[in-house]
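From first to last, the protein sequence lines stand for chains W and A.
Be aware that the first sequence starts at 1, since it is given in our numbering, and climbs by one per residue.
Be aware that the second sequence starts at 1, since it is given in our numbering, and climbs by one per residue.
It should be emphasised that the hints constitute simulated quantities derived from the structure, not laboratory data.
Each hint should be verified, as a subset may be incorrect.
[Claimed, not checked] Away from chain A, derived, C-beta distances all over 10 Å, residues of chain W:
1) Thr53
2) Leu63
3) Arg81
4) Glu120
5) Gly170
6) Leu205
7) Cys207
8) Ile255
[To be verified] Reference listing, derived: stretches of chain A covered by chain W, where coverage requires no fewer than 3 residues with Cβ under 8 Å from a Cβ of chain W:
9) 95-102
10) 203-213
11) 267-274
12) 370-380
The beta carbon of each residue, even a glycine, is placed where N, CA and C say it ideally should be.
Chain residues, written in single-letter form:
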Amino acid sequence: MVRQGREVLLTELHTSYVVKISKNTTSFEYYATEHFRLSGVYWGLSALYLLGTDDSLDKSELLDWVMSYYKDCGGFGASERNDPHLLYTLSALQILVMLDSLHLVDADKIVLYIKGLQQEDGSFVGDHTGEVDTRFSYCALASLRILNRLEDIDMKRAVEFIVKCQNFDGGYGSVPGNESHAGQVFTCVAALDIANALDRIDTDLLCWWLAERQTDSGGLNGRPEKLQDVCYSWWCLSALSILKRLHWIDQNKLIDFILDCQDEIDGGISDRPEDEVDVYHTFFGIAGLSLMGYKGLKPIDPTLALPCDVVDRLTK
Amino acid sequence: MSNECEISLGGNSHQHPKQRDVAHRIQQVHKEIFEKIVIMHGRPRVKDVGPQNPEKVKAAEKKAELFGELCRRVLEARQQRLFTVENLNMSSKLLQMNPEMYTVWNYRREYLESIIDKGGDEAVAAVKEELVVTERALFKNPKSYATFHHRRWVVSSGFCSLEHELDLVEKLLDADDRNFHGWGYRRCISKHMGLPVSRELEYSRKKIEQNFSNYSAWHHRSTLLPLQGKEQDEIEKSVGNLSSKAVHDIPLDTLEEEFQFVRQACYTDPLDQSGWFYHRWLLGCLGQHVRECTASQEEEKKTRVLNMLCEELTMCGEIHELEPRAKWPVLTAIQIEKAILHTSKEEEIEHHGIGKDVSWLVDVDPMRRNFYTDVAEMKADPWSIHA
Numbered sequence: 001m002v003r004q005g006r007e008v009l010l011t012e013l014h015t016s017y018v019v020k021i022s023k024n025t026t027s028f029e030y031y032a033t034e035h036f037r038l039s040g041v042y043w044g045l046s047a048l049y050l051l052g053t054d055d056s057l058d059k060s061e062l063l064d065w066v067m068s069y070y071k072d073c074g075g076f077g078a079s080e081r082n083d084p085h086l087l088y089t090l091s092a093l094q095i096l097v098m099l100d101s102l103h104l105v106d107a108d109k110i111v112l113y114i115k116g117l118q119q120e121d122g123s124f125v126g127d128h129t130g131e132v133d134t135r136f137s138y139c140a141l142a143s144l145r146i147l148n149r150l151e152d153i154d155m156k157r158a159v160e161f162i163v164k165c166q167n168f169d170g171g172y173g174s175v176p177g178n179e180s181h182a183g184q185v186f187t188c189v190a191a192l193d194i195a196n197a198l199d200r201i202d203t204d205l206l207c208w209w210l211a212e213r214q215t216d217s218g219g220l221n222g223r224p225e226k227l228q229d230v231c232y233s234w235w236c237l238s239a240l241s242i243l244k245r246l247h248w249i250d251q252n253k254l255i256d257f258i259l260d261c262q263d264e265i266d267g268g269i270s271d272r273p274e275d276e277v278d279v280y281h282t283f284f285g286i287a288g289l290s291l292m293g294y295k296g297l298k299p300i301d302p303t304l305a306l307p308c309d310v311v312d313r314l315t316k
Numbered sequence: 001m002s003n004e005c006e007i008s009l010g011g012n013s014h015q016h017p018k019q020r021d022v023a024h025r026i027q028q029v030h031k032e033i034f035e036k037i038v039i040m041h042g043r044p045r046v047k048d049v050g051p052q053n054p055e056k057v058k059a060a061e062k063k064a065e066l067f068g069e070l071c072r073r074v075l076e077a078r079q080q081r082l083f084t085v086e087n088l089n090m091s092s093k094l095l096q097m098n099p100e101m102y103t104v105w106n107y108r109r110e111y112l113e114s115i116i117d118k119g120g121d122e123a124v125a126a127v128k129e130e131l132v133v134t135e136r137a138l139f140k141n142p143k144s145y146a147t148f149h150h151r152r153w154v155v156s157s158g159f160c161s162l163e164h165e166l167d168l169v170e171k172l173l174d175a176d177d178r179n180f181h182g183w184g185y186r187r188c189i190s191k192h193m194g195l196p197v198s199r200e201l202e203y204s205r206k207k208i209e210q211n212f213s214n215y216s217a218w219h220h221r222s223t224l225l226p227l228q229g230k231e232q233d234e235i236e237k238s239v240g241n242l243s244s245k246a247v248h249d250i251p252l253d254t255l256e257e258e259f260q261f262v263r264q265a266c267y268t269d270p271l272d273q274s275g276w277f278y279h280r281w282l283l284g285c286l287g288q289h290v291r292e293c294t295a296s297q298e299e300e301k302k303t304r305v306l307n308m309l310c311e312e313l314t315m316c317g318e319i320h321e322l323e324p325r326a327k328w329p330v331l332t333a334i335q336i337e338k339a340i341l342h343t344s345k346e347e348e349i350e351h352h353g354i355g356k357d358v359s360w361l362v363d364v365d366p367m368r369r370n371f372y373t374d375v376a377e378m379k380a381d382p383w384s385i386h387a
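Just chain W, with the same shape it has in the complex (with noise of 0.2 Å):
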């Protein structure tokens, strides 16, 4: 059940949202987020070039802010004061690729950089501090399938290392051992269909963990007896796209809890209803409508979260 003034995606209500965000440079928020300002950003434009209202947003700002970011090692930090990270160099590759201008960077420096934080195991680092999660091997594959490089690392052993973090119930963790978690699905299935490597997955016990994410509201949770939330519209769903299995959640009853965790005066969604909004929750909301196929909004494509049209784009 939708609540009242939420039954249809506001597009322009989530519009001005993201344009207001962008424009307050100095609330508390504002200082709050910088650590992670770069996806930030990559999830305000996304929401906005999956809704077709892109323009709103200075274009020509947006890519001199992304390259203050831009370091000497070849890596992006989350924002100018912060140091290179692989999860903000991912952040960064997809605002501009998005934006037409991956010509502003080095190819060759970004991919020495990425190559540097693979380790003997096939595992990826976040940064020279060393930790190690699946979320950094996802993103240096989709970074280097962004930048056509994808053999400058040792694809093998980055499956190998994947195929370690494979769970008793067909999920995936972290690392090696920790708990399966959508999140990390996500990224590892993500991780193995750009490494052509989908055959490694235990696909129907998988998307059957991923099925039974969907709790009675009609959302979905990121592991067994936790609350629905919103970005695991995306996590599960882009994960079930990729495996072609997106047919075993009730798709209605998603669609319906993810309008009605609009704010319908303020624009922006929320993890779940009558929560405060953010600009992630409101990418990751109207991207899981998108994998569904909600009209009005551009596709996106499950490996890259990227809107299918730049993909198209991306050298093959």
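Starting from the structure of chain W, add chain A where the hints point.
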């Protein structure tokens, strides 16, 4: 001011007057700023009715300004590599509020690296202090990737007790038994300590007995069971090979014990997924024995496996009678019946089976109707007990 919130900004006497003022102002509004910063999840939507309260607006601006100032000072110190006591103290406070500021952890790490490298009493003291800093950050924000990563690094220096880390993890998991950061950290520490598999199995049992719905503890158990009885170097090789496709040679005796253990979860709450997912995995392990049985001609083993399958089928039947609308016992029964069919013992199904098929599941669990249909039409087979 409570102790928790108190800022020590270093010896005030040699502070520049302007710095003292900022420090003083931060302390004045500390109560508001030092609340845990919650972003993005679980914050109720609040709509102001009527015109904005100017006092409120001013207070919000002040809070933003001061927090911005704190960030500016710490991040500048980081960029200039200025490791004064005051800057380091401020960085510690900032991390308590906002622990995912990875650049600030990097700042502290750079400061510590040279001290730890030199070793001796100074290293021990520095490590001790850093453990306090990370512990404070953890108890305010137990789900921070950056904090755990930093602490792991500090602990890897070797200048502290790993037993203490286990205690810390126990406290964290007592507070939230589904904190996957905590569980991951526990696995990391216990590996460092070379803890026997039996100790970890015991811990997982304890957590499960506290709460059958603890999926994280059942998962932990699934990582340990294949390692039981193995030598250390075998453990090294086998970690991370738990895919359902990997062959598990878990002995029938062990499987029997585990079936008995998980039975309690299934009976206690038939609607809770956790025990049932673990149960499915056990059936998968049993499936390995089913495959071996049909390959060889060991009648005794065949009989034993069949009996075990029938026992589980009986359990499903009993729970189905207690909770007629619960899907898990029926879903499980259907899988077991498939496996029994494979051993060509249809009569056992008549005797023990529930007599429901996939169409019943569609009625009870309509959201996943397409999944059940695919299973019924043999387009999908997630359980492969009989493979």
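Hints versus structure:
no. : hint    : verdict
1   : Thr53   : 23 Å, holds
2   : Leu63   : 23 Å, holds
3   : Arg81   : 4 Å, violated
4   : Glu120  : 14 Å, holds
5   : Gly170  : 6 Å, violated
6   : Leu205  : 4 Å, violated
7   : Cys207  : 8 Å, violated
8   : Ile255  : 13 Å, holds
9   : 95-102  : holds (count 4)
10  : 203-213 : violated (count 1)
11  : 267-274 : holds (count 3)
12  : 370-380 : holds (count 4)
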